[in-house]
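Trainee: Given the sequences, and given the hints that come with them, work out the whole structure.
Number of protein chains: 2
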Amino acid sequence: MSYLSKISSPTLLIDESICRNNLERMSRKAQKHGMKLIPHFKTGQSKEIGKWAREYGIKEITVSSIKMANYFSGDSWDNIHIAFPFNPLEANTLDQLASKTRISVQLVNAEVTEILCNSLKNEVGFFIEIDAGYGRTGVEVSDFGTIEAILRKAKESSTLVFKGFYIHAGHTYYEKDIPKIYEETRLALNMLKNKYRTEYPNLVTRLGDTPGCSTMDDFGDIDEMGPGNFVFYDLTQERIGSCQKKDIAVALAAPVVDINKEKKTILVHAGGVHLSKDVLNEPDGSRNFGEIVLLNDQGWIFLSEHSYVKSISQEHGIIQASDELIEKTKVGDLLGILPVHSCMTADCMKSYLSLDGQWVDHAEGN
Amino acid sequence: MSYLSKISSPTLLIDESICRNNLERMSRKAQKHGMKLIPHFKTGQSKEIGKWAREYGIKEITVSSIKMANYFSGDSWDNIHIAFPFNPLEANTLDQLASKTRISVQLVNAEVTEILCNSLKNEVGFFIEIDAGYGRTGVEVSDFGTIEAILRKAKESSTLVFKGFYIHAGHTYYEKDIPKIYEETRLALNMLKNKYRTEYPNLVTRLGDTPGCSTMDDFGDIDEMGPGNFVFYDLTQERIGSCQKKDIAVALAAPVVDINKEKKTILVHAGGVHLSKDVLNEPDGSRNFGEIVLLNDQGWIFLSEHSYVKSISQEHGIIQASDELIEKTKVGDLLGILPVHSCMTADCMKSYLSLDGQWVDHAEGN
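Protein sequences, first through last, are from chains A and B. Residue numbering for the first sequence follows full-length UniProt numbering, beginning at 1 and increasing consecutively. Residue numbering for the second sequence follows full-length UniProt numbering, beginning at 1 and increasing consecutively.
Keep in mind that the hints are not guaranteed to be accurate.
Covered stretches of chain B, as calculated for chain A (at least 3 residues, CB under 8 Å) [claimed, not checked]:
id : stretch
1  : 102 to 115
2  : 118 to 124
3  : 272 to 278
4  : 308 to 319
5  : 337 to 347
Hints in this document: simulated from the structure, not taken from any laboratory. Keep in mind the model is a prediction, meaning the values are calculated, not measured. Beta carbons are placed, not taken as given, at the ideal position from N, Cα and C, and that holds for glycine.
Mentor: Dropping the structure here:
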């Protein structure tokens, strides 16, 4: 029986073979460059996808909150890294988690380092997050005062163990010159490694953004990579050039509830609570909340003419449809929507249906 | 013990007294105009808030999906209305639900009407949704062909019962001239009522949008109102003029994880998975993802200088802070964030913490 027969309301589909290809490709790339791949599981948030990842030699993962770390604990990961400046209100929860799972966190200031020094009974690793130009989070690369305040403070603790430096070069999402961003990132990480390796001979450097990890072929001496989105990819990544549309591993199945042949619009049950409100601004000024694909028993196929979700509200999605799509579609059909931002769509939907009709888990809650 | 002691990660706060004031005010307004208030519970999605609503004479509710209708069934509502063009793939689920709860749906075409005629064993009411200018969903007000095709088809069924006409004048969110929109809405609903009341003497007319229901004082002969957002309000509604900031009943409590005194930014754990990515574009070109308030044991208080979330990603929120806020805040504090779109924020968070430290329910899933 087709997976399609299980769907009567908005449902996030996952194509396991595409997802496995994405995992395998990035895993090989890391291997080729002598790097360890520690994928960021904020995208999939799934134990089942974790199983697939382990088949490609992945032994450690990254997450973005302690709740997510809890979700994956006990799943035989060598280490779970929480790639978010640590929230000191969760110090005790961290300590409990560290009593059963190897955990590392990210630190960006001495205040939180001190709180952890005073509260951790169990060993926790830490990376110092560095800002080398993105400007969102992290210690500025030249701010040795803060870096050394963190290291000095951590030395007072026997449980807080320095692991290395981490950069999320998130500006690869917005700026076209990824090679230039990566040159700066490599320079920053190498400078820090050289400066501190005498004192910390085992320190490692890590970067983690899907555009860079997907498109670059020069990682210099960087030891580890932690991209997240690559496991699914999405329209944003396709626009950047990180992937092709055929590499997108998830699509929202959306029920068609009305068709307006004059306006060439199709109303689907697929709104902001399903897709999130991430949007691509098209060169012609239109806004694109997702691209339409046709669903069949094997998965999804592309349309020869572009059709897209032109507007959404909480539950409604309005598709601007090509003649081809208007022709093919009737009320009661399901259409597929490739998401603009797959991490957010997966977080909205909280489960996946595989193309062989199995439900795949996603962590609950935030 | 303060509710604040229960919070270590992003948590949506609800001020019950503000929420009750909003319910009471709208309930009185409806009463004053001889209208029935049938609030849209897609905003709160909460049985507990439903209990509060019943104390103000509210006996029927509106929802946006059959899953949400299921959530509220059995909670002693006289009727649950699903205000979304009905998804025919859920016809059997609807029939099951209608065997235990009084339900009504919205129809916009003859195809779905026919499917329901053929599948319903239990009585279900229906409204015809009319588009009088918003352009999102509904039968165009002058499209009597479709209206009559729906009515003719429904007559073949003994279980599908016509209730009336429904307009969601959602353009009140975007266009300044709400009185003009309401004049058109009233004219459309009155024209339809006059045209069909001989054949359907009990038919009613309903409108439902928070900006109109909050700001207008002339509803003509319209029988019912179904606004949703008013139960919480938010920054979008404040901008439109539907409410004042003091009427906003929910705020996200967000842990402070880093402060940059030079840039005057504060990093909080509060991203798109908590607030949603709805945004207000400010006159000066900046983007506002939420306004900062200070939390205390009694709830939240406003700052004399404006501070706001200037950018968000999946889990990160960056606050552009006033001098006052930078001065008052330290790492490990909690700050409050008034949401841009409270319906979406509540749907992201899936629970509320009241100011007396009780958890308030929110429906799971989409």
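Trainee: A separate judgement is required for each hint: does it hold in the structure or not?
Mentor: Verification of the supplied hints:
1. 102 to 115: It holds, with 5 qualifying residues against the three required.
2. 118 to 124: With 0 residues in contact (Cβ-Cβ under 8 Å with chain A), the coverage given for the stretch 118 to 124 of chain B is violated.
3. 272 to 278: Held - the stretch 272 to 278 of chain B has 6 residues with a Cβ nearer than 8 Å to chain A, which meets the minimum of three.
4. 308 to 319: Coverage by chain A holds here, the residue count being 6 at a Cβ distance below 8 Å.
5. 337 to 347: holds (count 3)
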